[in-house]
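Colleague: Below are the chains, spelled out letter by letter.
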Amino acid sequence: LAKTTQPISMDSYEGQEVNITCSHNNIATNDYITWYQQFPSQGPRFIIQGYKTKVTNEVASLFIPADRKSSTLSLPRVSLSDTAVYYCLVGAPNTDKLIFGTGTRLQVFP
Amino acid sequence: EPEVTQTPSHQVTQMGQEVILRCVPISNHLYFYWYRQILGQKVEFLVSFYNNEISEKSEIFDDQFSVERPDGSNFTLKIRSTKLEDSAMYFCASSEGGTGEKLFFGSGTQLSVL
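Line by line, the protein sequences give chains Z and W. Just so we're aligned, residue 19 is where the first sequence starts under the working numbering, counting upward by one. Just so we're aligned, residue -14 is where the second sequence starts under the working numbering, counting upward by one.
These aren't lab readings, by the way, just hints derived from the structure by calculation. The reader is advised that the hints may include incorrect statements.
[Unchecked claim] Within a straight-line C-alpha distance of at most 16 Å, the following computed EDC-like cross-link-like pairs (lysine to aspartate or glutamate) qualify: (1) Z:K115 / W:E38; (2) W:K87 / Z:D49; (3) Z:K115 / Z:D49; (4) Z:K115 / W:E86; (5) W:K87 / W:E3; (6) Z:K21 / W:E38; (7) Z:K115 / W:E41; (8) Z:K115 / W:E(-14); (9) Z:K115 / W:E44; (10) Z:K115 / W:E81.
[Claimed, not checked] Far from chain Z by the CB rule (all over 10 Å, computed), these chain W residues: (11) V(-11); (12) P(-7); (13) Q(-4); (14) I5; (15) S33; (16) S43; (17) D47; (18) Q49; (19) S58; (20) S92; (21) V98.
For glycine and all other residues, C-beta sits at the position ideal for the given N, C-alpha and C.
In isolation and in its complexed conformation, chain Z is listed as follows (with noise of 0.2 Å):
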């Protein structure tokens, strides 16, 4: 399994945006990119996926470059609501095992 490196903690402001990079120099052929919100005393909440170049959806983007080495969650115009513990994952599909890193703590700020 690749494993994944992320910023301990980042803060920011209300209304900016937020980038959180994650390496996984490992990141095999087969493995997919997935990123997860978590926040206190709650479960893990899915926010996106990729496999390649950039996937949108409502509440984010993420950029994976072509060697596909790192990747990027980018929030747009955070709010209080999105501090959290934000965790960058890499796994093949056809495993059952989807490990966590010690994730990103997110600080928003008004």
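Assemble chain W onto chain Z, guided by the hints.
Modeller: What follows is chain W alone, placed relative to chain Z:
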């Protein structure tokens, strides 16, 4: 959006006692998981379950742990003889098609072993 339901939300038990944590996965999902999170630490994988058998398990999931899908709706985690270090938030999750699909997590059961 469909939800994974976990009961109880809090469980307090004495060391050495057996506990059963219960989960109702989303009805059309086929893959089921248990994770745990010790306070202040990362989310740790325990076990995955598909087609009525364990498909993957971690080193944490030793002989004290077992999982069962006793009927068509419930998915349970049993800890036979709890230890102090089993105190954690336990999350159940389910997905339609394995980890390549979106995992839906429940709100968790906070287990406190005294």
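Colleague: For each hint, tell me whether it holds in the structure or not.
Modeller: Hints, one by one, checked against the model:
1. Z:K115 / W:E38: holds (14 Å)
2. W:K87 / Z:D49: holds (14 Å)
3. Z:K115 / Z:D49: Answer holds: Z:K115 to Z:D49 is near 12 Å, not above 16 Å.
4. Z:K115 / W:E86: The hint holds at about 12 Å.
5. W:K87 / W:E3: violated (32 Å)
6. Z:K21 / W:E38: Given that 16 Å is the threshold and the Cα spacing comes to 27 Å, the pair is violated.
7. Z:K115 / W:E41: holds (6 Å)
8. Z:K115 / W:E(-14): Roughly 24 Å separates the two Cα atoms, so the pair is violated.
9. Z:K115 / W:E44: This hinted pair holds, its Cα atoms lying about 12 Å apart.
10. Z:K115 / W:E81: OK: Z:K115 and W:E81 at ~14 Å, within 16 Å.
11. V(-11): violated (8 Å)
12. P(-7): holds (14 Å)
13. Q(-4): Non-interface label stands for W:Q(-4): nearest chain Z Cβ at 15 Å, farther than 10 Å.
14. I5: holds (19 Å)
15. S33: Given that some Cβ of chain Z is not farther than 10 Å from that of W:S33, nearest at about 4 Å, it is violated.
16. S43: Incorrect as stated: the minimum Cβ-Cβ distance to chain Z is 8 Å, not above 10 Å.
17. D47: The claim stands: W:D47 keeps its Cβ more than 10 Å from every Cβ of chain Z (closest is about 16 Å).
18. Q49: With a cut-off of 10 Å, W:Q49 remains clear of chain Z, as the shortest Cβ separation is near 20 Å.
19. S58: holds (19 Å)
20. S92: Its Cβ does come within 10 Å of chain Z, the nearest being 6 Å, so this is violated.
21. V98: holds (18 Å)
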